[in-house]
Amino acid sequence: MSPDNPIVFVVDDDLRVREALSSLISSMGLQVAVFGSAKEFMESDKPDAPSCLVLDLQLPGTSGLELQQQLATGDAPPIVFISGHGDIPSSVSAMKAGAIEFLPKPFGDDELLRAINAAIARDRTARKQRSELTELQRHYALLTPREREVLPYVVAGFANKVTAADLGTSQITIGVHRGQIMRKMEAKSLAELIRMADRLGIARVSK
Amino acid sequence: MDVQPRDVAEEIKHLQRCINDLISVLALPARWIGGEPTQIVDVLLDALLRMLQLDLVYVQLNDTNGQAPVEMARLAQPQRPADQPHEIGKVLKQSLGTDVQKWPLLTQKLLGDLDISVVPLGLGLQGEIGVIVAGSKRADFPLQTERLILSVAANHASIALQEARLRSDQKRLASELDRLVAQRTTELASANTELRKEIAERKHAEEHLRRSEEKYRVILEAANDAVVSMDESGTILLANAAVRRIFGYDPVEIIGKPLTLLMPDYMRELHEGGFARYLATGQRHINWQGTELTALRKSGEEFPVEVSFGEQTRDGRKSFTGFLRDISKRRQAETALRAAMEERTRISAFREEIGVALSHQVDLKVALHNCAHAAVRHLDAAFARIWTLSGDGRELELQASAGMYTHLDGLHSRIAVGQHKIGLIAQERKPHLTNEAQNDPRVSDKDWARREKMTSFAGYPLVLEERLVGVMGMFSQKPLTESTLEALSYAAGIIAQGIERRRAEEALRRSEAFLAEGQRLGQIGSYSWRVATDKIEWSNELYRIYEFEIGVPVTLDLIRTRVHPQDISLYEKMVEKARDGGKNFEWQFRLLMADQSIKYLHSVAHAIRDQSGQLEYIAVAQDVTERRQSEEALRNTQAQLSRATRAATVGEFAASIAHEINQPLAAVVANGHACLRWLSAEPPGLARAQEAAERIVRDGKEAGEILRRIRALFKRAPLEKTGLNLNEVIVEVLRLLAGETSKRLVSVEMDLGNNLETVEGDRVQLQQLLFNLLQNGIEAMDRVAERPKKLFIRTRLQSPETVLVEIRDWGIGIENPEKAFEAFFTTKESGMGMGLAICRSIIDAHHGRLWAVPAEGCGTTFSFTLPAQPKVIA
Numbered sequence: 001m002s003p004d005n006p007i008v009f010v011v012d013d014d015l016r017v018r019e020a021l022s023s024l025i026s027s028m029g030l031q032v033a034v035f036g037s038a039k040e041f042m043e044s045d046k047p048d049a050p051s052c053l054v055l056d057l058q059l060p061g062t063s064g065l066e067l068q069q070q071l072a073t074g075d076a077p078p079i080v081f082i083s084g085h086g087d088i089p090s091s092v093s094a095m096k097a098g099a100i101e102f103l104p105k106p107f108g109d110d111e112l113l114r115a116i117n118a119a120i121a122r123d124r125t126a127r128k129q130r131s132e133l134t135e136l137q138r139h140y141a142l143l144t145p146r147e148r149e150v151l152p153y154v155v156a157g158f159a160n161k162v163t164a165a166d167l168g169t170s171q172i173t174i175g176v177h178r179g180q181i182m183r184k185m186e187a188k189s190l191a192e193l194i195r196m197a198d199r200l201g202i203a204r205v206s207k
Numbered sequence: 001m002d003v004q005p006r007d008v009a010e011e012i013k014h015l016q017r018c019i020n021d022l023i024s025v026l027a028l029p030a031r032w033i034g035g036e037p038t039q040i041v042d043v044l045l046d047a048l049l050r051m052l053q054l055d056l057v058y059v060q061l062n063d064t065n066g067q068a069p070v071e072m073a074r075l076a077q078p079q080r081p082a083d084q085p086h087e088i089g090k091v092l093k094q095s096l097g098t099d100v101q102k103w104p105l106l107t108q109k110l111l112g113d114l115d116i117s118v119v120p121l122g123l124g125l126q127g128e129i130g131v132i133v134a135g136s137k138r139a140d141f142p143l144q145t146e147r148l149i150l151s152v153a154a155n156h157a158s159i160a161l162q163e164a165r166l167r168s169d170q171k172r173l174a175s176e177l178d179r180l181v182a183q184r185t186t187e188l189a190s191a192n193t194e195l196r197k198e199i200a201e202r203k204h205a206e207e208h209l210r211r212s213e214e215k216y217r218v219i220l221e222a223a224n225d226a227v228v229s230m231d232e233s234g235t236i237l238l239a240n241a242a243v244r245r246i247f248g249y250d251p252v253e254i255i256g257k258p259l260t261l262l263m264p265d266y267m268r269e270l271h272e273g274g275f276a277r278y279l280a281t282g283q284r285h286i287n288w289q290g291t292e293l294t295a296l297r298k299s300g301e302e303f304p305v306e307v308s309f310g311e312q313t314r315d316g317r318k319s320f321t322g323f324l325r326d327i328s329k330r331r332q333a334e335t336a337l338r339a340a341m342e343e344r345t346r347i348s349a350f351r352e353e354i355g356v357a358l359s360h361q362v363d364l365k366v367a368l369h370n371c372a373h374a375a376v377r378h379l380d381a382a383f384a385r386i387w388t389l390s391g392d393g394r395e396l397e398l399q400a401s402a403g404m405y406t407h408l409d410g411l412h413s414r415i416a417v418g419q420h421k422i423g424l425i426a427q428e429r430k431p432h433l434t435n436e437a438q439n440d441p442r443v444s445d446k447d448w449a450r451r452e453k454m455t456s457f458a459g460y461p462l463v464l465e466e467r468l469v470g471v472m473g474m475f476s477q478k479p480l481t482e483s484t485l486e487a488l489s490y491a492a493g494i495i496a497q498g499i500e501r502r503r504a505e506e507a508l509r510r511s512e513a514f515l516a517e518g519q520r521l522g523q524i525g526s527y528s529w530r531v532a533t534d535k536i537e538w539s540n541e542l543y544r545i546y547e548f549e550i551g552v553p554v555t556l557d558l559i560r561t562r563v564h565p566q567d568i569s570l571y572e573k574m575v576e577k578a579r580d581g582g583k584n585f586e587w588q589f590r591l592l593m594a595d596q597s598i599k600y601l602h603s604v605a606h607a608i609r610d611q612s613g614q615l616e617y618i619a620v621a622q623d624v625t626e627r628r629q630s631e632e633a634l635r636n637t638q639a640q641l642s643r644a645t646r647a648a649t650v651g652e653f654a655a656s657i658a659h660e661i662n663q664p665l666a667a668v669v670a671n672g673h674a675c676l677r678w679l680s681a682e683p684p685g686l687a688r689a690q691e692a693a694e695r696i697v698r699d700g701k702e703a704g705e706i707l708r709r710i711r712a713l714f715k716r717a718p719l720e721k722t723g724l725n726l727n728e729v730i731v732e733v734l735r736l737l738a739g740e741t742s743k744r745l746v747s748v749e750m751d752l753g754n755n756l757e758t759v760e761g762d763r764v765q766l767q768q769l770l771f772n773l774l775q776n777g778i779e780a781m782d783r784v785a786e787r788p789k790k791l792f793i794r795t796r797l798q799s800p801e802t803v804l805v806e807i808r809d810w811g812i813g814i815e816n817p818e819k820a821f822e823a824f825f826t827t828k829e830s831g832m833g834m835g836l837a838i839c840r841s842i843i844d845a846h847h848g849r850l851w852a853v854p855a856e857g858c859g860t861t862f863s864f865t866l867p868a869q870p871k872v873i874a
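Protein chains in written order, with our numbering: chain Z, 1 to 207; chain E, 1 to 874.
In short, the hints are calculated from the structure, not lab data.
Incorrect hints may appear among the rest.
To be verified - Computed list of lysine-lysine pairs in DSS-like fashion (alpha-carbon distance at most 25 Å, straight line):
id, chain 1, residue 1, chain 2, residue 2
1, E, K790, Z, K39
2, E, K721, E, K743
3, E, K298, Z, K39
4, E, K90, E, K13
5, E, K365, E, K329
6, E, K257, E, K298
Make a model of the complete structure from these sequences and hints.
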């Protein structure tokens with residue numbers, strides 16, 4: 001299974017619906033895994049691939065909305081809600097909490113496919129952003145403590161002379177640190193280094 | 001007490017006359033001095049007849065010497081010769097009984113023939129002297145004042161008669177002695193002549209004299225009175241044996257001593273002076289017959305004597321013989337008589353004051369205080385107290401205290417029934433009487449009793465018709481006498497009546513106030529209608545309802561002015577019918593008030609007939625306008641509610657149908673799409689398309705089944721009864737509920753009996769019954785978190801004719817299981833409360849029984865029975 005082969009998780013307590021959706025989603029060329037309850041889903045091993053969650057609103061035990069709240073903190077897949085009741089208050093809160101779509105049963109295959117695709121696309125982007133950040137963090141981890149001290153000055157655009165005076169060292173030493181930072185962070189330009197620092201949440205020194 | 005309201009001037013005149021009469025009566029004894037009994041009675045009869053303007057007065061005197069009683073009488077208008085004392089006595093005896101001593105004293109009695117009210121009064125302490133009867137044609141005879149005058153007159157007459165009687169006894173004895181002395185003197189004289197004549201006969205004469213003297217001596221010695229003779233010098237010559245008994249001296253001891261020895265010091269000079277004067281002038285300084293003097297016993301005690309004496313001359317020298325009668329006992333009797341009379345007066349004053357207090361005083365406390373005060377004033381009570389029983393009957397509350405202690409608070413202000421002497425009197429309902437207060441076990445503070453010199457205590461329960469209303473008690477430093485106790489006992493009776501009457505009046509006032517308040521609150525008026533005279537009386541509330549000024553005379557025409565024009569004919573018919581009918585009636589009509597507002601009046605009348613057969617209606621009329629209005633409002637609300645209910649029911653059904661249908665429908669649609677996609681794939685996924693198509697068929701059928709079931713729910717088709725095995729029906733319904741049970745994490749356990757008889761029933765309805773009951777059980781456990789959710793279903797043959805099904809949940813339980821079967825009863829936030837009501841109607845249609853009981857521990861068990869189908873014997 002290729003790492004980028006997306007997978008659709010279906011959680012619905014009605015066996016008939018699970019069977020139907022499993023078949024339908026397979027026919028769309030997507031991997032599918034079905035679960036009868038939120039608990040089953042939470043306890044399962046999930047492959048590292050772009051994914052989405054087709055979630056029934058009314059579930060025994062943990063309800064659909066409760067599961068959504070539990071997943072909100074982690075790197076959970078985007079959610080497409082399906083529901084037997086056209087229950088407006090529930091759909092509003094589901095959408096507010098970041099659901100991709102809310103499909104009242106019965107729904108057409110196009111609607112479902114559109115929603116699943118949108119969800120998977122969002123998951124892909126999210127996954128990509130998550131991996132880039134991981135890469136940056138790996139690079140940042142290579143910096144010495146002194147280099148981490150110098151970095152905020154560099155991204156704030158201070159001249160080496162000013163930085164050296166501030167940190168109580170020589171202009172030449174700062175120049176060496178700056179070179180090391182650019183190399184270790186694999187930044188091709190100062191502008192790129194500034195973007196990286198932003199993403200890592202490093203504050204610039206301001207005077 | 002004559003409580004008739006009278007003209008004040010008249011009353012004063014009456015009292016003045018009474019005082020005058022009393023003075024006249026008190027003057028009678030002066031006229032009686034020295035009189036014979038018949039003279040005394042004569043005076044008495046005349047005085048009473050005149051004074052009290054009596055029509056009849058009669059006296060019978062008992063004779064002590066065994067002779068026939070003396071009868072005397074006066075009539076205001078003597079008519080016939082037959083109206084002699086004896087004839088009158090006969091009439092009285094016919095009416096009052098032959099035994100005069102048993103005549104009811106001071107009691108009014110009507111003499112039939114003579115048409116006269118008579119009042120007998122005893123003469124003497126025990127009526128031993130006789131009886132006096134006063135009679136009058138006046139119906140109100142005797143008035144209190146007349147009683148008083150009669151009593152006083154009778155008492156005085158008693159004393160006078162007794163004295164007269166004693167006096168006549170003494171006179172008889174004294175004249176007898178005189179006669180004897182004279183005879184002796186004559187005999188002596190003749191004996192002397194004989195001596196002079198015949199010396200020979202001297203001895204005989206001396207013998208005769210000696211015998212004669214012996215005879216006198218025997219008389220003297222046997223005499224009850226002391227007989228003492230003295231000579232002119234006042235020296236005692238002779239004394240008889242009675243001297244020892246009366247004076248304490250041996251007769252021999254005083255012979256030769258001066259007579260003054262027998263007198264107190266202060267009498268001696270008087271005696272000597274008087275005696276010397278007599279000897280000198282023959283003038284008597286005292287009456288020689290029956291003079292009362294004071295004598296001196298040897299012991300030094302002074303005592304009253306009645307002295308009669310005679311004189312004799314012998315050899316030119318005078319000697320005097322006196323008869324001295326100890327009259328201290330008679331004096332004591334007189335004193336006792338006087339005391340008794342005084343006591344009687346005091347007691348009648350006590351009774352009168354109590355009567356006045358209880359009948360005149362409006363305030364019970366004041367009345368009781370006056371009663372206690374009367375006991376202190378007239379019965380010598382050191383203090384007297386009255387308690388009343390509290391409303392709950394447990395305590396006595398001090399209401400009045402007079403005498404030494406007048407405070408109403410403190411230790412004895414509230415006494416529990418059964419505690420202390422007062423509480424014990426209440427508990428035992430018996431008087432506690434003692435003349436040994438300082439040693440009485442019930443007197444708790446004996447030091448106090450000794451210090452205050454209390455001699456007696458009398459406590460009476462105040463009981464009326466066997467109901468205790470209070471306790472009355474008094475301490476006295478004097479012993480209690482019979483008549484005091486009698487007066488107290490009488491007082492206890494009328495005080496109890498007084499308290500009870502006051503309570504009854506209070507209760508009446510309160511209940512009248514309650515009635516008025518009740519009428520006001522209930523807007524209920526009452527009225528009476530005397531049909532013959534058309535006299536109508538209204539209660540105040542009825543005036544308010546009709547909005548007429550209170551007190552305006554009510555007539556049928558006046559009422560008519562308020563009757564709503566459309567109800568006038570109704571009103572007239574009612575009046576007409578009531579006039580002839582004489583039956584209870586009830587009617588409603590409208591009033592049109594001055595401000596054009598309408599009032600609805602509901603009246604119920606009760607027909608009664610008075611003693612003369614006159615028809616009267618006693619009725620109530622209630623202003624039911626508000627009730628009519630609220631009934632109207634209630635009807636409107638109910639209509640709104642039922643509309644809202646219908647709407648809500650439709651909405652609810654729609655939602656549940658949507659839910660039931662949506663699941664299979666969603667599956668069908670998804671499978672349809674999947675099927676199409678597999679078919680259009682390159683290469684086509686035929687096997688998977690087929691699977692999807694099969695699922696479409698399956699789920700579609702299921703949706704159809706659900707729809708059919710829902711339709712059946714609404715269908716009011718007649719029952720299609722077939723033979724059913726309930727176990728099968730249960731399994732089918734559980735299949736329908738499988739989604740529900742798994743979604744709500746409810747586990748289902750079953751104990752379905754083998755060999756279950758088939759029942760006759762409508763499958764769809766029984767399915768619905770089971771569906772509702774199971775659904776109910778599942779929902780009852782919705783909010784249960786602390787224990788597993790479980791449904792337990794059991795079927796068995798209860799009897800050869802009955803199949804029993806039990807469904808037990810471990811839910812929150814139902815407080816009132818029977819109420820759960822009523823329509824619109826629900827414990828759920830969303831729910832119509834129709835489910836169980838429907839169940840019951842299904843079971844009823846199947847001639848079964850459905851009930852619910854709280855299950856052991858928690859939850860509820862719903863049970864139903866259905867009749868087993870009779871077996872067909874081949």
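Hint by hint, here is what the structure shows:
{"no.": "1", "hint": "K790/E - K39/Z", "result": "20 Å, holds"}
{"no.": "2", "hint": "K721/E - K743/E", "result": "33 Å, violated"}
{"no.": "3", "hint": "K298/E - K39/Z", "result": "134 Å, violated"}
{"no.": "4", "hint": "K90/E - K13/E", "result": "37 Å, violated"}
{"no.": "5", "hint": "K365/E - K329/E", "result": "47 Å, violated"}
{"no.": "6", "hint": "K257/E - K298/E", "result": "13 Å, holds"}
Violated hints for the displayed structure, listed by number in ascending order: 2, 3, 4, 5.
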